[in-house]
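In my numbering, the protein residues as written are 9 to 188.
Keep in mind the hints are simulated off the structure, nothing from the lab. One or more of the hints may lead you astray.
[Said to hold, decoys possible] The calculated lysine to any residue pairs, modelled on SDA-like cross-linking and capped at a C-alpha distance of 25 Å, are:
#1 K31 - R92
#2 K65 - E50
#3 K65 - G27
#4 K65 - D143
#5 K31 - L60
#6 K36 - S118
#7 K19 - R46
#8 K173 - Q186
#9 K148 - S118
#10 K43 - G144
#11 K31 - L11
#12 K17 - E28
#13 K36 - I61
#14 K162 - H147
#15 K43 - L123
#16 K72 - S118
#17 K24 - S34
#18 K72 - L123
#19 K43 - K162
#20 K36 - G67
Keep in mind the model is a prediction, meaning the values are calculated, not measured.
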Amino acid sequence: MSLKQLIEKCKSNDTKAQGELYKLFSSKLFSTCLKYSRNYVEAEDNLQDAFLIIFDKIGQYKNKGSFEGWLKRITVNTVLQRYRSEKIFDIINENIEDDVDIELDEASISIDYLLKIIQDLPDRYRLVFNLYVLDGYSHKDIAEMLDINIGTSKSNLARARHILKQTINNYKSTQRLQSL
Numbered sequence: 009m010s011l012k013q014l015i016e017k018c019k020s021n022d023t024k025a026q027g028e029l030y031k032l033f034s035s036k037l038f039s040t041c042l043k044y045s046r047n048y049v050e051a052e053d054n055l056q057d058a059f060l061i062i063f064d065k066i067g068q069y070k071n072k073g074s075f076e077g078w079l080k081r082i083t084v085n086t087v088l089q090r091y092r093s094e095k096i097f098d099i100i101n102e103n104i105e106d107d108v109d110i111e112l113d114e115a116s117i118s119i120d121y122l123l124k125i126i127q128d129l130p131d132r133y134r135l136v137f138n139l140y141v142l143d144g145y146s147h148k149d150i151a152e153m154l155d156i157n158i159g160t161s162k163s164n165l166a167r168a169r170h171i172l173k174q175t176i177n178n179y180k181s182t183q184r185l186q187s188l
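Whenever a hint applies, use it, and build me the whole structure from the sequences.
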């Protein structure tokens, strides 16, 4: 069955087709959920919520543009919706460098470690960092998505980079000490 046929069957609330669509895209969308969620369990909950919305709204998909992109957009918005009601974006006054460069020695830092420290960032920093750095959204787009101002997006990104730089530097120091 083609993707177009699968979508059409899902629009008719065909549960078998919905199961197939879930199997086809759940791993990709789960990685998106994991990137924005606090932990694995929350990512699983977010994935389920996203699919409920996808199946509810699939009739709005007009076969224009990437279907996978449409799914990802719904998934990201579903995860972000959880945070909008929380006051995680309250403005805090911090003196942070505008742009922090993070130097990575790829031989000493694994991708799993990097993903873990990104996931360990406070919510407001993790969300902005992921949207800006990993998904390429502009500060204007992020501000609209999270219902914050552009300056808050920029300061949250700077703070995320600062925290990541400190964490990586601490990790490198620990690794050097252990190798002595």
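Checked hints:
Note on K31 and R92: the hinted pairing is violated, with a Cα-Cα distance of about 29 Å set against a maximum of 25 Å. Pair hint K65 plus E50 holds up; C-alpha atoms about 22 Å apart against a cutoff of 25 Å. Straight-line distance between C-alpha atoms of K65 and G27 comes to about 16 Å, which keeps the hinted pair within the 25 Å bound. For a cut-off of 25 Å, the pair hint linking K65 to D143 stands: about 23 Å separates their Cα positions.
Between K31 and L60, the direct Cα distance comes to roughly 14 Å. Compliance with the 25 Å bound is thereby established for this hinted pair. This hinted pair checks out: K36 and S118 have alpha carbons roughly 21 Å apart, not beyond 25 Å. A C-alpha spacing of about 32 Å is found between K19 and R46, which places the hinted pair above 25 Å, so the restraint is violated. Distance check on the hinted pair: K173 and Q186 sit about 20 Å apart at the alpha-carbon level, within 25 Å; holds.
Between K148 and S118 the CA atoms are separated by roughly 32 Å; this puts the pair beyond 25 Å, and the hint is violated. Of the supplied pair hints, the one linking K43 and G144 holds, its CA atoms being roughly 14 Å apart against a limit of 25 Å. A threshold of 25 Å between alpha carbons decides the hint, and for K31 with L11 the separation of about 12 Å falls inside it, so the pair holds. Taking the CA atoms of K17 and E28, the gap is about 10 Å. The hint holds against a cut of 25 Å.
With a C-alpha separation of about 16 Å, the suggested pair K36 and I61 falls inside the 25 Å cut-off, and the hint holds. Between the alpha carbons of K162 and H147 the distance comes to roughly 7 Å, so the proposed pair stays at or under 25 Å and holds. At most 25 Å may separate the alpha-carbon atoms for a hinted pair to count; K43 and L123 meet this at roughly 8 Å. With a C-alpha separation of about 38 Å, the suggested pairing of K72 with S118 is violated against the 25 Å cut-off.
The suggested pairing of K24 with S34 holds, with an alpha-carbon distance near 15 Å, which does not exceed 25 Å. Proximity of K72 to L123 is assessed by CA-CA distance (about 33 Å); at most 25 Å being required, the pair is judged violated. Among the hinted pairs, K43 with K162 is consistent with the structure: their alpha-carbon atoms are about 19 Å apart, no more than 25 Å. Our distance criterion of 25 Å between C-alpha atoms is met by K36 and G67, whose separation comes to about 21 Å.
This entry does not satisfy hints 1, 7, 9, 16, 18, going by the numbered hints stated previously.
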